[in-house]
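Chain P: place on chain X using the hints.
Taken in sequence, the protein lines are chains X and P.
Residue numbers 1 to 330, in the numbering used here, belong to the letters of the first sequence in order.
Residue numbers 1 to 236, in the numbering used here, belong to the letters of the second sequence in order.
Quick caveat, the hints were computed from the structure, so don't treat them as lab data.
Given the structure is predicted, the values throughout are model-derived calculations rather than measurements.
Among the clues, some could well be false.
Unchecked claim - Residues from chain X shown here face chain P by an in silico Cβ test under 10 Å; the list is partial:
id, residue
1, Pro19
2, Arg22
3, Asn23
4, Ile24
5, Gly25
6, Val124
7, Phe136
8, Gly194
9, Arg238
10, Gly241
11, Ala265
12, Gly267
13, Ala277
14, Leu279
Even glycine gets a Cβ: it sits at the ideal position worked out from N, Cα and C.
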Amino acid sequence: MIDIEATGPLNTIQDLGRPGYRNIGVTACGAMDTLALSIGNILVGNTPQAAGIEVQTFPFRVRFSARTAFAITGADCRATLDGIGVPPWWVAQAEAGQLLELSPPLKDARAYLSLAGGADVTPVMGSRSTSLRGGFGGLNGRVLATGDAVATGAATSTFLPKGGFGVVPPAVALKDVFPAGEGGALTIRALPAGEHDLFGADAERFWSQPWKISARSDRTGYRLSGDPIHPLETVEMRSHGVVPGVVQVPPAGEPIVQMSDANTAGGYPKIAGVIEADLWRLGQARIGSMLRFVPATHAQARAIERALGAYIDDVRRTARLVSQALSTVA
Amino acid sequence: MSRPQSTPLASPASIVPNTDALAKISFIGTRAFLVEAPGAFDLPNQRRIWALSRALEAQEEIAEIVPGMTNLLVILKQTPEAPDIIVHQLQEEWKRARGVDLAGRDIDIAVTYGGEHATDLPALCDLSGLSDREVVRIHHEGTYRVFALGSAPGFGYLFGLDARIHMPRKTVPSLSMARGCVTIGGMQTGVAVLTGPNGWNSIGFAELQMFDPLAAAPAVMAPGDTVRFRPERIEL
Numbered sequence: 001m002i003d004i005e006a007t008g009p010l011n012t013i014q015d016l017g018r019p020g021y022r023n024i025g026v027t028a029c030g031a032m033d034t035l036a037l038s039i040g041n042i043l044v045g046n047t048p049q050a051a052g053i054e055v056q057t058f059p060f061r062v063r064f065s066a067r068t069a070f071a072i073t074g075a076d077c078r079a080t081l082d083g084i085g086v087p088p089w090w091v092a093q094a095e096a097g098q099l100l101e102l103s104p105p106l107k108d109a110r111a112y113l114s115l116a117g118g119a120d121v122t123p124v125m126g127s128r129s130t131s132l133r134g135g136f137g138g139l140n141g142r143v144l145a146t147g148d149a150v151a152t153g154a155a156t157s158t159f160l161p162k163g164g165f166g167v168v169p170p171a172v173a174l175k176d177v178f179p180a181g182e183g184g185a186l187t188i189r190a191l192p193a194g195e196h197d198l199f200g201a202d203a204e205r206f207w208s209q210p211w212k213i214s215a216r217s218d219r220t221g222y223r224l225s226g227d228p229i230h231p232l233e234t235v236e237m238r239s240h241g242v243v244p245g246v247v248q249v250p251p252a253g254e255p256i257v258q259m260s261d262a263n264t265a266g267g268y269p270k271i272a273g274v275i276e277a278d279l280w281r282l283g284q285a286r287i288g289s290m291l292r293f294v295p296a297t298h299a300q301a302r303a304i305e306r307a308l309g310a311y312i313d314d315v316r317r318t319a320r321l322v323s324q325a326l327s328t329v330a
Numbered sequence: 001m002s003r004p005q006s007t008p009l010a011s012p013a014s015i016v017p018n019t020d021a022l023a024k025i026s027f028i029g030t031r032a033f034l035v036e037a038p039g040a041f042d043l044p045n046q047r048r049i050w051a052l053s054r055a056l057e058a059q060e061e062i063a064e065i066v067p068g069m070t071n072l073l074v075i076l077k078q079t080p081e082a083p084d085i086i087v088h089q090l091q092e093e094w095k096r097a098r099g100v101d102l103a104g105r106d107i108d109i110a111v112t113y114g115g116e117h118a119t120d121l122p123a124l125c126d127l128s129g130l131s132d133r134e135v136v137r138i139h140h141e142g143t144y145r146v147f148a149l150g151s152a153p154g155f156g157y158l159f160g161l162d163a164r165i166h167m168p169r170k171t172v173p174s175l176s177m178a179r180g181c182v183t184i185g186g187m188q189t190g191v192a193v194l195t196g197p198n199g200w201n202s203i204g205f206a207e208l209q210m211f212d213p214l215a216a217a218p219a220v221m222a223p224g225d226t227v228r229f230r231p232e233r234i235e236l
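Just chain X, with the same shape it has in the complex:
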């Protein structure tokens, strides 16, 4: 169990989400950076379905009420345990009474706190993710607040070296697969969507210009600012299902990228859809930062997914080896 001693206003319990209910209007939700959460779960010996805490507003301080293995992944939030630095992408053991503090990251947007045994809240429709709009899941369907206690489930016994250990962050390990953008703009790969060609010459400008993530962006979606783009004719779309990553263009001409808390249905013309393997990077993009869309194919997306899968498998193997080696000397 942990007690939350300080939190910003928008931190929630999230797992990999609640897919499968879009047909009754239920948003999937889930972590914005599912890769970081998945690595955190591996490091503390959890199953992939375990829930963690998504921290996107800082500072965030928790006190451990029992000896617990924890991992910090995602944005480098300069974590400290009783004042001693904990590196990013790291797993360590906290003793009862110790205080973990996460500070505002200098780059990237969201950090994930994974606890051995997972955040133990009651699953709703198969998931522990918080649905803020629906008011269910997570801790009573709401954001975490100072004074909350979060219980942890039964942990598997994992052996950690003294001081813990870390993994190479995906942005470093996979820098050839996720190249840093030119001129500081994040490169996000996308496939043209249903109304792409309706934008005529403006479709070219969608791909060629850098877009800025506006202040009106959150877990629901990112509103982009830039030179507006417009379809050649106004079309009255019939409502249809959408998934995170869809890039819609409302009448004002500035695109919206739907994210984890995306509406399940939409009717704005859609110009593109972000490939799933790049969504975690978009989930780490900060308000005010720039991004550029690059056209991709399914085959390219598959290749990126394979590289991601290999990285995750590698982390899982390493974590298991470390634990096994220590268990034999224990």
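For chain P alone, kept in the frame of chain X given last:
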């Protein structure tokens, strides 16, 4: 002169939807494929979407199927290596899909028409040239079908709104419309399930709880259901 064989003979079969027309199939990202029925926004087309949905739901490689308004979003478990093959398979399924009618339930919704929640009733009267009494009568005399659920938990898109009271969605949504508002969005009607921003036009209010996340079947409505609005009170 004999008729070329490819020309279909005029027969009663020609009154069924033209099943030769291809669906529009497009991508939303890597795993989602949107199948849009060609032709009108009507019940025969929606019945084919329901048939397509039924044909696809048993397929092993599909993770999720989301019916919309005369369209269907198909989400695969894996990103396909060759999307063209998926598009071809979906198109073949579309050609085979004949209309099915879903055996839905009858749902009766008690409505207070007018009153404090009917914020857009005066504007609808202006737009339609009808009196508030006529607007209310036309709305509650209609019989509606749930075409699909979406947008918010348990929200049913209802088809069957009389053309006289169609009203475009707002360009600037209301910031906080109450759960329970009986609304019109274009040629559709429905009951708001969440309090929050809403671009539809409110003409009344219903108490019915449309969604319970802890229930075995969380949504009250399902595609194919028939909905009638019963005027419990009219406050004009």
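Hint by hint, here is what the structure shows:
no., hint, result
1, Pro19, "holds, 6 Å"
2, Arg22, "holds, 5 Å"
3, Asn23, "holds, 5 Å"
4, Ile24, "holds, 4 Å"
5, Gly25, "holds, 5 Å"
6, Val124, "holds, 5 Å"
7, Phe136, "holds, 4 Å"
8, Gly194, "holds, 4 Å"
9, Arg238, "holds, 4 Å"
10, Gly241, "holds, 3 Å"
11, Ala265, "holds, 3 Å"
12, Gly267, "holds, 8 Å"
13, Ala277, "holds, 8 Å"
14, Leu279, "holds, 8 Å"
In this structure, none of the earlier numbered hints is contradicted; all agree with it.
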